[in-house]
Amino acid sequence: AQSVTQLDSQVPVFEEAPVELRCNYSSSVSVYLFWYVQYPNQGLQLLLKYLSGSTLVESINGFEAEFNKSQTSFHLRKPSVHISDTAEYFCAVSGGTSYGKLTFGQGTILTVHP
Amino acid sequence: EAGVVQSPRYKIIEKKQPVAFWCNPISGHNTLYWYLQNLGQGPELLIRYENEEAVDDSQLPKDRFSAERLKGVDSTLKIQPAELGDSAVYLCASSHRQGSLNEQFFGPGTRLTVL
Chain A
1 AQSVTQLDSQ
11 VPVFEEAPVE
21 LRCNYSSSVS
31 VYLFWYVQYP
41 NQGLQLLLKY
51 LSGSTLVESI
61 NGFEAEFNKS
71 QTSFHLRKPS
81 VHISDTAEYF
91 CAVSGGTSYG
101 KLTFGQGTIL
111 TVHP
Chain B
1 EAGVVQSPRY
11 KIIEKKQPVA
21 FWCNPISGHN
31 TLYWYLQNLG
41 QGPELLIRYE
51 NEEAVDDSQL
61 PKDRFSAERL
71 KGVDSTLKIQ
81 PAELGDSAVY
91 LCASSHRQGS
101 LNEQFFGPGT
111 RLTVL
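Here the protein sequences come in this chain order: A and B.
Sequential numbering of the first sequence, starting at 1, is according to this note's numbering.
Sequential numbering of the second sequence, starting at 1, is according to this note's numbering.
Among the clues, some could well be false.
Just so you have them, the derived chain A footprint on chain B, three or more residues with Cβ under 8 Å [as the list claims (entries may be wrong)]:
(1) 45 to 56
(2) 106 to 114
Partial selection, computed: residues in chain A whose CB lies under 10 Å from chain B [claimed, not checked]:
(3) S9
(4) V11
(5) P12
(6) Q42
(7) K69
(8) C91
(9) L102
(10) Q106
(11) H113
The hints are simulated quantities; they were obtained by calculation from the structure and are not laboratory data.
Glycine residues also receive a C-beta, built at the ideal position from the N, C-alpha and C atoms.
One chain only, chain B, in its complex shape:
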């Protein structure tokens, strides 16, 4: 079974530029999560999707961040414009069903460096 796929693995951009990250969850997983992991910290949830619906986006900075999951499968997270403080690892995870009992499977992450 293929795991959660993320691309790119690494991205270096200059501040004020836009950037996008892509995630393909495990086949059949209808819940998808985007997490932000700052250096030396644990991951923090940005947004959670149930199929194509964003059911929890309370931690997403909506002035510059956006996300979509149009067909309820793969998802894109965008930052526009990027700021120096956005340098971090962006993790995508998926689970079979929403809920605390369902294991979340994580992708390898995209490491963003903003110069």
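Only chain A is shown next, with the shape it has when bound in the complex:
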């Protein structure tokens, strides 16, 4: 079975500071990795995904994540956060025996303070 662990339940940062949201996964087969963002009172939105190829993937709003197979990690980073980045972020894995099914981590609440 696959599992995802998000190591921080809450991450408070100041505006324009860098941030890293950590995600580790467990799987015995090749997987696909995703980061979803959930703004208050909204549904989950796909932020970025790793399917194959370059291990560094980027989103349109400045986030990036790097797939590290040896460390089974897919940490999310942004060099300078904005107030509008305040949201809950979920790491998810799919593939292998979970074909067609997303397995989510517990979520990390990012709060950006002015």
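Start from chain A and add chain B according to the hints.
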């Protein structure tokens, strides 16, 4: 393009009462998912449909939960009778095709409170 529509957005009921949630996926998406999201947790898959066929319902508590997608478009998730522990957010998602490579689009969810 309209997103995934869910209704109601909020529902408060007393325990032992029945409740139903409705989902209309994005037009043309033939795969539909229902997820359960408990407070402070990530979503967990309840059931996945490919058109009108339930291809994965292994996590659906079938003693009280049921779901249908009769015409392969919109779907209903029902709980009867509801228990206090069912208080959670119920999310619906859809994708163009089944498979790990296909992005799932999520609705806003229905927040259920059982008193």
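Outcome of the hint check:
1. 45 to 56: holds (count 4)
2. 106 to 114: holds (count 4)
3. S9: OK, holds: S9(A) within 10 Å of chain B, min 7 Å.
4. V11: Cβ of V11(A) sits 15 Å from chain B, so the hint is violated.
5. P12: Status violated, d = 17 Å.
6. Q42: 6 Å, holds
7. K69: 17 Å, violated
8. C91: 8 Å, holds
9. L102: 6 Å, holds
10. Q106: 5 Å, holds
11. H113: Since the shortest Cβ distance to chain B is 21 Å, the answer is violated.
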